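Novice: Chain residues, written in single-letter form:
Protein chains: 6
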Amino acid sequence: MTRPSGRAPGSLRQIELNLSVSKYAEGSCLVKFGDTHVLCTATVEEKVPGWMKGLGRGWVTAEYGMLPRSTAQRIDREAAKGRQSGRTQEIQRLIGRALRSVVDLEALGERQVRVDCDVIQADGGTRTAAITGGYVALYDALRHLVKIRACAKMPLTDSVAAISCGIYQGAPVIDLDYAEDSEAETDANFVITGKGGLVEIQATAEKTPFTEDEFQSLMALARAGCEELNRLQKETLGI
Amino acid sequence: MTRPSGRAPGSLRQIELNLSVSKYAEGSCLVKFGDTHVLCTATVEEKVPGWMKGLGRGWVTAEYGMLPRSTAQRIDREAAKGRQSGRTQEIQRLIGRALRSVVDLEALGERQVRVDCDVIQADGGTRTAAITGGYVALYDALRHLVKIRACAKMPLTDSVAAISCGIYQGAPVIDLDYAEDSEAETDANFVITGKGGLVEIQATAEKTPFTEDEFQSLMALARAGCEELNRLQKETLGI
Amino acid sequence: MTRPSGRAPGSLRQIELNLSVSKYAEGSCLVKFGDTHVLCTATVEEKVPGWMKGLGRGWVTAEYGMLPRSTAQRIDREAAKGRQSGRTQEIQRLIGRALRSVVDLEALGERQVRVDCDVIQADGGTRTAAITGGYVALYDALRHLVKIRACAKMPLTDSVAAISCGIYQGAPVIDLDYAEDSEAETDANFVITGKGGLVEIQATAEKTPFTEDEFQSLMALARAGCEELNRLQKETLGI
Amino acid sequence: MTRPSGRAPGSLRQIELNLSVSKYAEGSCLVKFGDTHVLCTATVEEKVPGWMKGLGRGWVTAEYGMLPRSTAQRIDREAAKGRQSGRTQEIQRLIGRALRSVVDLEALGERQVRVDCDVIQADGGTRTAAITGGYVALYDALRHLVKIRACAKMPLTDSVAAISCGIYQGAPVIDLDYAEDSEAETDANFVITGKGGLVEIQATAEKTPFTEDEFQSLMALARAGCEELNRLQKETLGI
Amino acid sequence: MTRPSGRAPGSLRQIELNLSVSKYAEGSCLVKFGDTHVLCTATVEEKVPGWMKGLGRGWVTAEYGMLPRSTAQRIDREAAKGRQSGRTQEIQRLIGRALRSVVDLEALGERQVRVDCDVIQADGGTRTAAITGGYVALYDALRHLVKIRACAKMPLTDSVAAISCGIYQGAPVIDLDYAEDSEAETDANFVITGKGGLVEIQATAEKTPFTEDEFQSLMALARAGCEELNRLQKETLGI
Amino acid sequence: MTRPSGRAPGSLRQIELNLSVSKYAEGSCLVKFGDTHVLCTATVEEKVPGWMKGLGRGWVTAEYGMLPRSTAQRIDREAAKGRQSGRTQEIQRLIGRALRSVVDLEALGERQVRVDCDVIQADGGTRTAAITGGYVALYDALRHLVKIRACAKMPLTDSVAAISCGIYQGAPVIDLDYAEDSEAETDANFVITGKGGLVEIQATAEKTPFTEDEFQSLMALARAGCEELNRLQKETLGI
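Chains as they are written, first to last, in my numbering: chain B, 215 to 453; chain H, 215 to 453; chain W, 215 to 453; chain V, 215 to 453; chain R, 215 to 453; chain S, 215 to 453.
Calculated from the structure, these hints are not laboratory results.
What you are looking at is a predicted structure, and each value in this text was computed from that prediction instead of being measured.
Beta carbons: idealized from backbone N, C-alpha and C, even for Gly.
Careful, some of the hints might be misleading.
What the hints assert, rightly or not - Keeping only pairs whose Cα atoms sit at most 20 Å apart, straight-line, the calculated PhoX-like set for lysine-lysine is:
| hint | chain 1 | residue 1 | chain 2 | residue 2 |
| --- | --- | --- | --- | --- |
| 1 | S | 421 | R | 409 |
| 2 | V | 237 | H | 295 |
| 3 | H | 246 | H | 448 |
| 4 | W | 409 | V | 421 |
| 5 | H | 295 | S | 421 |
| 6 | W | 295 | R | 246 |
| 7 | R | 409 | V | 237 |
| 8 | W | 421 | V | 409 |
| 9 | B | 367 | B | 448 |
Stated by the list, open to error - So the derived label-pair ranges between C-beta atoms look like this:
| hint | chain 1 | residue 1 | chain 2 | residue 2 | range |
| --- | --- | --- | --- | --- | --- |
| 10 | B | 266 | H | 362 | 37 to 43 Å |
| 11 | B | 267 | S | 249 | 31 to 37 Å |
| 12 | B | 222 | S | 270 | 52 to 58 Å |
| 13 | S | 295 | W | 367 | 44 to 50 Å |
| 14 | R | 290 | H | 366 | 46 to 52 Å |
| 15 | S | 249 | H | 399 | 43 to 49 Å |
| 16 | S | 295 | W | 218 | 46 to 52 Å |
| 17 | V | 357 | B | 286 | 53 to 59 Å |
| 18 | S | 295 | B | 266 | 20 to 26 Å |
| 19 | W | 453 | H | 366 | 55 to 61 Å |
| 20 | R | 268 | S | 286 | 18 to 24 Å |
The task is simple: from the sequences and hints, build the whole structure.
Specialist: Put into structure tokens, the structure is as follows:
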């Protein structure tokens, strides 16, 4: 088996995490997993959703979008169609859950951080890039809150990153680009914290069911990949 | 640890699969997982979505809905709000993928089966009940197609069922009802075929990340549960 | 003239009123007029619509929906289409008016009862079944309010039921099923209270205009039919 | 009992039917029932709805709208809210049924006439004015079709008009203006053909149920009123 | 060059400004520019948009709509389509800006005037007619506010009118009707105050770019036309 | 008068036109007017809108969007709100008209070029940057069509650019950034071709009406600015 990109089965694409790229956002990161580019911005709002008012806790939420020509075939603008697709909603719910899993909502205080993940260019793995870059943007914004003394300490319990793995031509590989993703028999996304805790596993048989052994090999790849991403996050943030 | 229902950790709720309950639908099943009741109907349409026309293959899709007072707190009617929630879309996409994983789309021929899963009463596990009952409704409709000679043979490669597992008060348990589900630390759904193939795994840390060992114990429970569900499906269908 | 069902012109279909079928709703009734099955649930909300706030009076409203495969030809899910049809809105407005006509809104107090009528299976007469069963669900919920002493007395001034009549092959008949309804020359719905008061009359010439004499014969049938329904409502409620 | 307008119980308001007021429409009529003014335009389209294609028959449909400041309290523009209210849909369905009841759809041929009824000013009775004026606009358009020889003969079987009646301060009155309508105990609309056939009856108890005797007195008033309207329609059309 | 209407290049169509035509609106004007007829109503609301609350200033806003058969080809009802077109929104934003340019929002006090401009019949120039007539309706409503002493003085700093100009068959002409507008090479709208101040210029090359000289000739025509409109506004208002 | 940026009244911001930045789009340009960054992509579609089918001519259209945190205050995602604002629609209509003014639609052939302009960061002048960069993206895509011999020659008649001008603290200035734009008394946008033809003028008095002299000074600034932009477009495209 040769991967279209020539990468080894366990090799990530070229990863870039560009910190604080936005003139306005409290936190931001332009993340690149190869040709997949996602702009993540974190906005701090001094209010929480209605159902949380007065509880003294904060909230972190995420929104996801793709630019119309981020893909090989142009996709219709969701704003023009008047509704977000099921895929969009599924992904932004996933990003939100992943980020919240490492936030200390009490320490955040009664405010909301909204992380926008906008795909500038898509070549597979946009949701995992969004979680990995979204964490950096979130950290950037939270550090700002500590600096202006809105928070007494960093309201984080851990870091978080995500990576996709899949069975491509019978072999387990990591960080699939679009050429692999569209051919893979099984597609899985793993969200793993810096300390190694599992936050979310989503594995789907695209063609034929998979076995437990196959699943274990994907999980092993993901664990190593997220460790590498975690190291890059720290390096980027200078911590 | 005692479960609110008094069940053993590996015990399913009372399962009922009521076959062919609808006067009109080509296939139907009213499935009950304890107090969770889902009406599944399978409708055969002699056309496929636009992007599949002329390819000679069929399609299976699913829709999901909850009656407004299927839950303890009434939920607003999505038809009145004018849009389906992200949760609804996520679930119906999951049901569709699960059912398609065991269908031979070539053998089905250029037609679509639409499986509607409407939750009459919800007490946790509506998506797994919908997949399990949806398979029975689908089988019922496909058997009808064979009977009227629209299909030469049953266009199925396997059967499929689903079950939820979770970590409740530190212990792995199966088929969580709402009282457990709302308290569980980790929540996982498994879709498994009759032959034991894995079709979909979705595991989410609701509070704290989970370990690989915990995950393995959930998978073991799910495997046994789906075997039991598979046995009941066969019994119901008389095969 | 022979009716497709073989019934006499003035004979209702087999009527069933199943009380308190829902695990969660304050009041509920699964009503069956032959093969027409409607699940009615009554939800008590401790608030009223904005325009009624502070007036000390309550409100009763209704919503109506059909499951996609409640009919011979599957109908698209209104939640997926993003809007309720004119027919749906017309029917739910009718049900709401009918139920309010027998409620003492002052005695109800500043709260709202929302009656959801969901058609599980449709074979003609869904709106009249919904009113008849909706009254039972409403009574069930109001009795609960009296029991928990939220209301000092039953906030009802009368009972209410509804039935359809029509001119089928030149003859007046009651409680039309779909086979008759789709062929009827004139279609009329009557909402009548237990004491015999008229609440709503809707008569429509589907093909040719009707005469006053024909209309009188329909009204006479309806009067007798609603008396019978009223008797069954009392029996069901044990009053 | 004295009516706010000083009219006798059986007296219509000042009725005006202004024929062919639109520069563009194939048929039009600006109808006034006192201070209720409705602009009715009939548009001929050389196609029918999809479900009627190739059947050789035509169709007549109606749409209804109110200008935002046609009423004492400004109402929000439905185009801005993004949906038509249940009331709007109920009324336009009624107008369409009423007009179709006197059209010979075979003789019309495979084309559609769309009758738009836009309320310029509302003072009660907009739906009955719309049906009465809509018939004149429809006649105007159909006469045009005969003139250009698109139809061999007038595709009409009868004429049609409508009027409201109600119980106001215990007495039956005709053609209620807003001051009466908002106080009436019972409100009824009658659609009656030129030959005296009943097309639609809608009677609603706004406060307390009504009796058969009361209903009969409303029907008698309506019959006389529609005869008068029918005479004015003929006079306007010069037939 | 001969204009289809036979008018001289600098001649307006027959202009009519009918004051206070509405039974209910605080101010109103039915404006006619030839066969273009727009009903303008001004509604006073004792509240301002949320973002202006408590600032002590008022607001003026406008809405625009076209009746379905105001045009030669019927246009779909925006309420039925569920959204306002870009053109509608562009025009109503323009009308609002034009009217606000002459209002003293402090002197108006914390209230909103909403000017509805509904096109009864369209023959080119609906937006300029709407601004010209909308000003009269606005004046009418403001005069009412002064009369009932809600405002101490007329909250206006100037009057405002608008006119279209264009290059038709190579020559600059004013107040284009539809026959000219659809053929014009350049189309421009000018909003000018009574004192001669420029409020808005919108000039668009429909076919080939235009020169500065051409633009100057359009501006000269517009200036003379708005002076004439301003004179008619005063005459209508009796000031 | 000193501009916040220290620029001379007639000085543009730092302009960057980055050609062919997208991996997928047939043409693209990331345009920067200082801190205003707009990604323009041009997509070639081998079909035209329905109303143009079979006419042998092509079409160019534009869409516009802003990322949620492109601005100092986050703006809600239009896809989530379910509708595009009036401002968005107004801008994308302007961009489309501007680009079409220099395209030879016959020479383009029966295909559509769709230019997406997505604002990554906004600091005033997004619509003028979008037109200027959109032209470069369009040229890039058309050159591709000539290269693959889909078009026999470049289907362009001229080039086009746009710039904003305004009266800031009494003085005419060019290319306003947000700090100036939000304070300007008059705001004008000019779309001018490479040969100097005027395509669109939009001038608005934000506070007080403006004079003809003021307008002339803005036009003079715009003319010089567009010449400079035109020079940069050529340089970028290497022509």
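Novice: Run every hint past the structure and note whether it holds.
Specialist: Results for each hint:
1. 421(S) x 409(R): This hinted pair holds, its Cα atoms lying about 15 Å apart.
2. 237(V) x 295(H): violated (40 Å)
3. 246(H) x 448(H): holds (16 Å)
4. 409(W) x 421(V): This hinted pair holds, its Cα atoms lying about 15 Å apart.
5. 295(H) x 421(S): violated (40 Å)
6. 295(W) x 246(R): With Cα atoms ~41 Å apart, residue 295(W) and residue 246(R) exceed 20 Å; violated.
7. 409(R) x 237(V): violated (36 Å)
8. 421(W) x 409(V): holds (15 Å)
9. 367(B) x 448(B): Distance of about 18 Å is within 20 Å: holds.
10. 266(B) x 362(H): 37 to 43 Å: violated (55 Å)
11. 267(B) x 249(S): 31 to 37 Å: Taking Cβ atoms as reference, residue 267(B) and residue 249(S) lie about 36 Å apart, which means the hint holds.
12. 222(B) x 270(S): 52 to 58 Å: holds (53 Å)
13. 295(S) x 367(W): 44 to 50 Å: holds (47 Å)
14. 290(R) x 366(H): 46 to 52 Å: With a Cβ separation near 47 Å, residue 290(R) and residue 366(H) satisfy 46 to 52 Å, so the hint holds.
15. 249(S) x 399(H): 43 to 49 Å: holds (46 Å)
16. 295(S) x 218(W): 46 to 52 Å: holds (51 Å)
17. 357(V) x 286(B): 53 to 59 Å: holds (58 Å)
18. 295(S) x 266(B): 20 to 26 Å: Since the Cβ atoms of residue 295(S) and residue 266(B) sit about 21 Å apart, the hinted range of 20 to 26 Å holds.
19. 453(W) x 366(H): 55 to 61 Å: holds (59 Å)
20. 268(R) x 286(S): 18 to 24 Å: holds (23 Å)
In the structure shown, a violation is registered for the earlier hints numbered 2, 5, 6, 7, 10, in ascending order.
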